[in-house]
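Engineer: Residues per chain, in single letters:
4 protein chains.
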Amino acid sequence: MKTNATNRASLAELSKLVLDFRHERDWKQFHNPKDQALSLVLEAAELLELMQWRNGRELEKFLKANKPRVEDELADVLGWVLLMAHDLKINLGEAFARKIELNKKKYPVEKARGSARKYTEL
Amino acid sequence: MKTNATNRASLAELSKLVLDFRHERDWKQFHNPKDQALSLVLEAAELLELMQWRNGRELEKFLKANKPRVEDELADVLGWVLLMAHDLKINLGEAFARKIELNKKKYPVEKARGSARKYTEL
Amino acid sequence: MKTNATNRASLAELSKLVLDFRHERDWKQFHNPKDQALSLVLEAAELLELMQWRNGRELEKFLKANKPRVEDELADVLGWVLLMAHDLKINLGEAFARKIELNKKKYPVEKARGSARKYTEL
Amino acid sequence: MKTNATNRASLAELSKLVLDFRHERDWKQFHNPKDQALSLVLEAAELLELMQWRNGRELEKFLKANKPRVEDELADVLGWVLLMAHDLKINLGEAFARKIELNKKKYPVEKARGSARKYTEL
Numbered sequence: 001m002k003t004n005a006t007n008r009a010s011l012a013e014l015s016k017l018v019l020d021f022r023h024e025r026d027w028k029q030f031h032n033p034k035d036q037a038l039s040l041v042l043e044a045a046e047l048l049e050l051m052q053w054r055n056g057r058e059l060e061k062f063l064k065a066n067k068p069r070v071e072d073e074l075a076d077v078l079g080w081v082l083l084m085a086h087d088l089k090i091n092l093g094e095a096f097a098r099k100i101e102l103n104k105k106k107y108p109v110e111k112a113r114g115s116a117r118k119y120t121e122l
Numbered sequence: 001m002k003t004n005a006t007n008r009a010s011l012a013e014l015s016k017l018v019l020d021f022r023h024e025r026d027w028k029q030f031h032n033p034k035d036q037a038l039s040l041v042l043e044a045a046e047l048l049e050l051m052q053w054r055n056g057r058e059l060e061k062f063l064k065a066n067k068p069r070v071e072d073e074l075a076d077v078l079g080w081v082l083l084m085a086h087d088l089k090i091n092l093g094e095a096f097a098r099k100i101e102l103n104k105k106k107y108p109v110e111k112a113r114g115s116a117r118k119y120t121e122l
Numbered sequence: 001m002k003t004n005a006t007n008r009a010s011l012a013e014l015s016k017l018v019l020d021f022r023h024e025r026d027w028k029q030f031h032n033p034k035d036q037a038l039s040l041v042l043e044a045a046e047l048l049e050l051m052q053w054r055n056g057r058e059l060e061k062f063l064k065a066n067k068p069r070v071e072d073e074l075a076d077v078l079g080w081v082l083l084m085a086h087d088l089k090i091n092l093g094e095a096f097a098r099k100i101e102l103n104k105k106k107y108p109v110e111k112a113r114g115s116a117r118k119y120t121e122l
Numbered sequence: 001m002k003t004n005a006t007n008r009a010s011l012a013e014l015s016k017l018v019l020d021f022r023h024e025r026d027w028k029q030f031h032n033p034k035d036q037a038l039s040l041v042l043e044a045a046e047l048l049e050l051m052q053w054r055n056g057r058e059l060e061k062f063l064k065a066n067k068p069r070v071e072d073e074l075a076d077v078l079g080w081v082l083l084m085a086h087d088l089k090i091n092l093g094e095a096f097a098r099k100i101e102l103n104k105k106k107y108p109v110e111k112a113r114g115s116a117r118k119y120t121e122l
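Protein chains in written order, with our numbering: chain A, 1 to 122; chain B, 1 to 122; chain C, 1 to 122; chain D, 1 to 122.
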């Protein structure tokens, strides 16, 4: 079966894709939370590696020319986020909306708006 | 406006939450891809930090007792994934489905199924 | 010229090895602190990757059987530490001794001694 | 006893400082290689965090003004490198010199010298 999705896909639908993939390979047995979080960090590091020694215009050009690699790394990161949320019985959509609310309180518009100084020192 | 969502929310809907949050604070100006990828790594590291020096049953218990912290870190990671995908004009849903297809070829069921050895050395 | 060293080598001597290596290739021009710190994280991640999906006795056996890989990753991490310290005009030996003193105050023996609970929650 | 050291201190001397610190607290029991490598990544991430959202001249100024924080993070990273090398019976000085030799072969001066393109694509 082909897996199709767009940004209109729900977290539940995307989770199903990666859960089915895992189930078919019987890999859940290896997925303890520590190795999952470790894997998430490693995939995030692979994304960061694309930026290593590249800056400004050169980086922009590189990322455009290598869009599929960026897409793959972001997809890998998302995969671990979805698997961890599933295994730890976390409703990721709810958690996400709640965290945004929390951040709204932490960074009130009137104080946070605009300058880099405010951004890093709030 | 309150932000509500569940796992039935789409990537597009969740992206809107974090994009609105950013827009209200005028923070897009700071969001170059390098600092975003760096931030993604740092948030993933914060998740990993919850696992530091904890293993087995003790870790399981800790994660259950501290579920909101895990949720917050996963949400933060997801936030950067969504922002990066948006800014780099990546359709994350499509990218995700395509990466799963790629992984299916890379790890064919008949070869990948089951043992840890196969899992790490395929 | 061959580069020889043992654990009796000083930080200054080891720094010279990697500084000479860099100088011969004229690479200092690329070494801004951000990309250096990023590189340090990436090398640390490569070391961590050796541990991915491996635990307990299996991990121990793997690390023994793959000692040269562990050595290479630790060496790469050390290389970035030495280069960063040099470029930022940090006396790493002094900084290290001072940080140990700081940690002694932060984790006094009578409070820190022994249990995992104390270790993670001090 | 005060711990003094400079860059003329040997790896063996610096290792002794952190080994004594650990021994006095009876913490070796927690130091499995996986949690050590994980801790190394986390300390490297703390160093990287100092660079987050800061670039160019602003970053330079920040690092100068916050030199003790940079020193502390580099010291923490070095601490884990020394402990891991010790526990895995690695002669870090030898490993370091050997890795430099390896890199000399991997990046021969005539090919590697100078341009960023060569640097990232060798």
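Incorrect hints may have been included.
[Said to hold, decoys possible] Dumping the calculated BS3-like pairs for lysine-lysine here, alpha-carbon to alpha-carbon at most 27 Å:
| # | chain 1 | residue 1 | chain 2 | residue 2 |
| --- | --- | --- | --- | --- |
| 1 | C | K67 | C | K16 |
| 2 | D | K16 | D | K89 |
| 3 | A | K16 | A | K28 |
| 4 | D | K89 | C | K89 |
| 5 | A | K67 | A | K28 |
| 6 | B | K28 | B | K16 |
| 7 | A | K16 | B | K28 |
| 8 | B | K28 | D | K61 |
| 9 | D | K104 | D | K28 |
| 10 | B | K16 | B | K89 |
| 11 | D | K16 | D | K67 |
| 12 | D | K67 | C | K64 |
| 13 | A | K89 | B | K61 |
| 14 | D | K64 | C | K67 |
| 15 | A | K67 | B | K106 |
| 16 | C | K64 | D | K28 |
| 17 | B | K67 | A | K89 |
| 18 | B | K28 | B | K89 |
| 19 | A | K105 | B | K111 |
| 20 | C | K16 | D | K28 |
| 21 | A | K104 | A | K89 |
| 22 | B | K105 | A | K28 |
| 23 | B | K89 | B | K104 |
| 24 | B | K28 | A | K61 |
| 25 | A | K61 | B | K89 |
| 26 | B | K67 | A | K67 |
| 27 | C | K28 | C | K16 |
| 28 | A | K89 | A | K16 |
| 29 | D | K89 | D | K104 |
| 30 | B | K64 | A | K67 |
| 31 | D | K67 | C | K67 |
| 32 | D | K67 | C | K28 |
| 33 | A | K61 | A | K16 |
If you are wondering where the hints come from, they were derived from the structure by calculation, not from laboratory data. No experiment lies behind these values; they were computed from the predicted model shown.
Engineer: May I ask which of the numbered hints given earlier this structure violates, with the numbers listed in increasing order?
Structural biologist: Per hint list: 4, 5, 7, 9, 12, 14, 19, 20, 26, 30, 31 and 33 violated.
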